[in-house]
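Work the whole structure out from these sequences, hints included.
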Amino acid sequence: MLVNLSDVLTSEGMELAREVPLELICYENGTESFDIVSKSSVSLTVSNAGADKAVLRGKLELSLRGACSRCLAEVPVALKLAFERTILSPEVQGEEADDFAFMDGFSLDVDALVHDEILINWPAKILCKDDCKGLCPVCGQNLNERDCGCDTFVPDPRMAVIQDIFKNKEV
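Each residue of the sequence shown is one higher than the last, beginning at 1 in the working numbering.
What the hints contain is simulated information worked out from the structure, not anything from laboratory work.
C-beta atoms are modelled at their ideal positions from N, C-alpha and C, and glycine is treated no differently.
Incorrect hints may have been included.
With a Cα cut of at most 30 angstroms, we get these calculated DSS-like pairs of lysine-lysine [what the hints assert, rightly or not]:
| hint | residue 1 | residue 2 |
| --- | --- | --- |
| 1 | 59 | 39 |
| 2 | 53 | 80 |
| 3 | 80 | 129 |
| 4 | 80 | 39 |
| 5 | 39 | 129 |
| 6 | 167 | 80 |
| 7 | 125 | 59 |
| 8 | 59 | 80 |
| 9 | 129 | 59 |
| 10 | 80 | 125 |
| 11 | 39 | 125 |
Beta-carbon label-pair distances, calculated as ranges [stated by the list, open to error]:
| hint | residue 1 | residue 2 | range |
| --- | --- | --- | --- |
| 12 | 138 | 116 | 13 to 23 angstroms |
| 13 | 69 | 120 | 18 to 28 angstroms |
| 14 | 109 | 49 | 19 to 29 angstroms |
Structure (structure tokens):
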């Protein structure tokens with residue numbers, strides 16, 4: 001959804017407060033896609049901060065569906081986003097235009113802004129629980145559900161030459 005900010009960026013002391021519905025239904029980070037399960041509206045406040053400059057504050061809560069990084073179980077990813085950015089009018093953006101990819105002239109693209117905020121606040125690793133055991137590297141069994149009994153011993157590759165000597169003596 002686009003919000004026109006021309007009045008706020010051009011009028012000293014002007015402030016705009018709005019609840020904007022989020023139209024984004026899916027978050028894509030370039031390699032994966034995550035469905036948005038629940039979301040609140042975006043609470044925005046834009047205040048003029050001088051000539052051709054404004055301060056944008058916003059907050060929202062959303063929940064996305066993701067996979068655990070260890071066992072691949074589906075888990076909710078809850079994000080509480082609160083942000084503050086200084087925005088410039090199109091005339092003064094100049095070389096900094098890439099920093100304002102969520103602006104189209106005097107219009108604020110709320111979905112693009114929220115996408116950027118999700119990207120910034122995305123967890124490094126999604127886990128179903130802190131002590132997730134993951135999958136067995138041999139058979140693929142989810143080790144949180146039950147132990148599979150596979151031999152998961154991984155020998156030190158630096159000792160491979162010595163292990164070959166012992167294997168040759170056994171024969």
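Structure-based check of all given hints:
no. : hint                             : verdict
1   : 59 with 39                       : holds, 11 angstroms
2   : 53 with 80                       : holds, 26 angstroms
3   : 80 with 129                      : holds, 19 angstroms
4   : 80 with 39                       : holds, 10 angstroms
5   : 39 with 129                      : holds, 23 angstroms
6   : 167 with 80                      : violated, 57 angstroms
7   : 125 with 59                      : holds, 23 angstroms
8   : 59 with 80                       : holds, 7 angstroms
9   : 129 with 59                      : holds, 27 angstroms
10  : 80 with 125                      : holds, 17 angstroms
11  : 39 with 125                      : holds, 21 angstroms
12  : 138 with 116: 13 to 23 angstroms : violated, 41 angstroms
13  : 69 with 120: 18 to 28 angstroms  : holds, 19 angstroms
14  : 109 with 49: 19 to 29 angstroms  : holds, 20 angstroms
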